[in-house]
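Peer 1: Taken in order, these protein sequences are the chains called V and S. Quick note: the first sequence, position 144, residue 144 per my numbering, numbers continuous. Quick note: the second sequence, position 111, residue 111 per my numbering, numbers continuous.
Treat the hints with caution; some may be incorrect.
[Said to hold, decoys possible] The calculated DSSO-like cross-link candidates involving lysine-lysine, where the alpha carbons are at most 30 angstroms apart (straight line), are:
1) 346(V) - 183(V)
2) 60(S) - 27(S)
3) 158(S) - 304(V)
4) 118(S) - 322(V)
5) 183(V) - 158(S)
6) 164(S) - 304(V)
7) 183(V) - 60(S)
8) 75(S) - 309(V)
9) 56(S) - 198(V)
10) 183(V) - 91(S)
11) 56(S) - 142(V)
12) 138(S) - 309(V)
13) 138(S) - 183(V)
14) 118(S) - 304(V)
15) 60(S) - 304(V)
16) 60(S) - 198(V)
17) 183(V) - 75(S)
18) 164(S) - 183(V)
19) 309(V) - 109(S)
20) 183(V) - 27(S)
For the record, the hints were derived by calculation from the structure and aren't laboratory data.
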Amino acid sequence: MTEMTGSKAYIKTLEQEGITHIFGITGAALIPICDALLDSKIRYVPGVHEQGSAHMADGYARASGKPGIVQVTSGPGATNIVTGVATAQLDSSPLVAFTGQVPMSMVGTDAFQEVDIIGVTASITKWNHQVRDPARIPWAVKAGLHIANTGRKGAVVIDLPKNITQETAEMDFDVEIDFSGYKPRITPSPSELDWAAKLLAEAEKPVIVAGGGIVSSGAGKELTELAEILMAPTATSLMGKGSIASNHPLSLGLCGMHGREEANYMVPDADVLFVAGSRFSDRTTGSLAGFAPNARVIHMDIDKSEIDKNVDSVTRIWGDAKHSLIGLIDRVKTIKRSQNGDWTKKIQEFKRSYQEPNDNSDITGPAVIRAIRNALPSNAIVTTDVGQHQMLAAIHYDVYEPCTFLTSGGLGTMGWGVPAAIGAKAALPDRKVLSICGDGGFHMTENNLSTAVDDDFPIIVVLLNNRMLGMVAQWQRLFMNGRYAAVQRNYSVDYTELVKDYGAHGVRIESMKQLNTELTRAVGADYTTVIEVPMDPEENVYPMIPPGMGLKDILTED
Amino acid sequence: MSLSVISFLVENKPGVLFNISNNIRRKNFNIHSITAIAGEGEDTTRITITSRGDPKEIDKLVEQMNKMVDIIIVKRLDPLRTIQRDMALVKLHTADPMAQEEALEIINKYKGLILDIKPDTVIAQITGSVNEVNDFTKEVTHIGIIEAARTGITAIEKGWVTLKEP
């Protein structure tokens, strides 16, 4: 037990828990905390808007697998992170937000910069808590980190009234974290594994759909091993991208609304469908009737409430992906599947028939994405924003390692790409980090580039500028008789000039050849670059399944 | 649609009930009744909530709430193995002596207690299943109900089954 102020205890607990970066913006309620931070080795990364700071912490968490910390002041500082908190929660990213609060004596009086952030974030957090006793600060910080980063990971908000951070108390830094209502299940039951193994062993046409749970649990290697034992073609959800290397012979790529044809045709043909760490989002399944009509579904998830929520399973595996897969592999490893069986042959035929064209002469979405892949080292991290470019990247960008393709999947937060890339760079400074953005999302948070430059987190941004809110425009072309409403953007901003004022290098390319040159230069450089690529505003992203249709109802051409 | 009974054991601290009702609202269920009281030692609170809905959908809601950190245990009670009780305090207008006599008869029939008698009012305490309390209310309606307050359902499972020991 040591006597100290709440602020010092807060910083000391973060240090003790291995936290190295705090993203945020200060304010009146944070003055004691930021003062204590001066004496710490934790690096403070000042943002330009709290939403961006929250996305930075989220990108940091997704790239590193460690909790990302965002720290903002009370009132507007707190409400500004709401989008960032919801984004992290929907994608099960371990984000811990510390919000300043007015002193306890003023809570509930509508004091200056007071907002009930506990009430506001109740339905978008895994857990939230207001600390009301300085002696409880070590407990609250440890509990927040523990809950965010265990079980199904998620977002946590801890509210720190100013007087609690100023007052002194006897602090217990060895305090135990024990919630009787929170015991995440890690190891699945042996009988669940036995059942699933039996079904998989009997399967003639097994297919795996891997989700974000595989990435989050670091189980990519185990998933690939299981797929190889079973000779099971493996599709991924958007969040599962990276759980199997895109160039693996069994990889089918993305399935769902903008899934690749080989994935969307093979998933419904399965007789046993093993869904691993995916929650059957409507964007992954399309119409549930056409999803896997003849398949016996095995659903593996760490979150029991996801099992049988959208799709009824024949059997479940409730537990952490890595532990579950190791148990499954142990039970099926003696299976000898022929490399030349009917199913295996069909997989190879399918994959051959959907080879990508290699016409990279014109500036098209797929060509730009392939050029980015060619220019980057295999372990580079790519973040995307949200919209057409995101789906282009999801379809065409090859990922070789988990946690190297980061995207806002569940909430679909435009403006996420640039700040998340800065967070990823902070987590892994030796990696190349590139953000693929559209003009709509880039313009929402491009001001974060000043943090990238001023705090030395050099990133590359490839800005696909079609002067449209392109995905909505695509829906209007396809489903609203081409009536454009609220999607055209005739603003006059010149992005290459704008980013120069932030201190970044900006360049607009006019040909694929020039794009390749600029990408090579940017990858070799140690400063922030924005490459603007003018796109055809009429270009649609294919394949696409119209909303409400089944996986096989694929649109492929204009 | 039938009433489902959901029982909770939760941490006794501010905001837990808010989080529960917020979750129920989000899934578009309406709370029909709610009873809550802190347990011995006051570390935990036992809550009983009833709501109408497809039991299968209620089960999904229960799974969602089971994830909440401050909820220790939550389950939908099996209606066949559950005892439910509701209590009503009913104030009747009994200025007419005939009405008073009839009121006392009905209260007796439902094994109710008479808590207060004034020249023109009677307050009855009726305990029983929801249906029994509803039936009582219907029978005394013509006498004249001035005001009624009900506790809502509380429930417990039969035999050795408990919330803690399923």
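Peer 1: Now look at each hint and say whether the structure bears it out.
Peer 2: Verification of the hints:
Proximity of residue 346(V) to residue 183(V) is assessed by CA-CA distance (about 43 angstroms); at most 30 angstroms being required, the pair is judged violated. For the suggested pair residue 60(S) and residue 27(S), the alpha carbons sit about 10 angstroms apart, so the restraint of at most 30 angstroms is met. Distance hint between residue 158(S) and residue 304(V) is fulfilled; the C-alpha atoms sit about 27 angstroms from each other, no more than 30 angstroms. Restraint check for residue 118(S) and residue 322(V): the C-alpha separation of about 72 angstroms exceeds 30 angstroms, so the hint is violated.
For the hint pairing residue 183(V) with residue 158(S), the CA-to-CA distance comes to about 27 angstroms; that is within 30 angstroms, so the pair holds. Note on residue 164(S) and residue 304(V): the hinted pairing holds, with a Cα-Cα distance of about 19 angstroms set against a maximum of 30 angstroms. The suggested pairing of residue 183(V) with residue 60(S) holds, with an alpha-carbon distance near 19 angstroms, which does not exceed 30 angstroms. For the proposed pair residue 75(S) and residue 309(V), the alpha carbon gap of about 17 angstroms is at most 30 angstroms, so the pair holds.
With a C-alpha separation of about 28 angstroms, the suggested pair residue 56(S) and residue 198(V) falls inside the 30 angstroms cut-off, and the hint holds. About 48 angstroms separates the Cα atoms of residue 183(V) and residue 91(S), which puts this hinted pair outside 30 angstroms; it is violated. Of the supplied pair hints, the one linking residue 56(S) and residue 142(V) is violated, its CA atoms being roughly 37 angstroms apart against a limit of 30 angstroms. At most 30 angstroms may separate the alpha-carbon atoms for a hinted pair to count; residue 138(S) and residue 309(V) exceed this at roughly 41 angstroms.
Between residue 138(S) and residue 183(V), the direct Cα distance comes to roughly 48 angstroms. Violation of the 30 angstroms bound is thereby established for this hinted pair. A hinted pair counts as satisfied when its Cα atoms are at most 30 angstroms apart, and residue 118(S) with residue 304(V) does not qualify at roughly 57 angstroms. Restraint check for residue 60(S) and residue 304(V): the C-alpha separation of about 10 angstroms stays at or below 30 angstroms, so the hint holds. Between the alpha carbons of residue 60(S) and residue 198(V) the distance comes to roughly 28 angstroms, so the proposed pair stays at or under 30 angstroms and holds.
Distance check on the hinted pair: residue 183(V) and residue 75(S) sit about 17 angstroms apart at the alpha-carbon level, within 30 angstroms; holds. For the given pair, residue 164(S) sits about 15 angstroms from residue 183(V) by alpha-carbon distance, which is consistent with the 30 angstroms threshold. This hinted pair does not check out: residue 309(V) and residue 109(S) have alpha carbons roughly 47 angstroms apart, beyond 30 angstroms. For the given pair, residue 183(V) sits about 24 angstroms from residue 27(S) by alpha-carbon distance, which is consistent with the 30 angstroms threshold.
Hints 1, 4, 10, 11, 12, 13, 14 and 19 from the list above are not met by this structure, while the remaining hints are.
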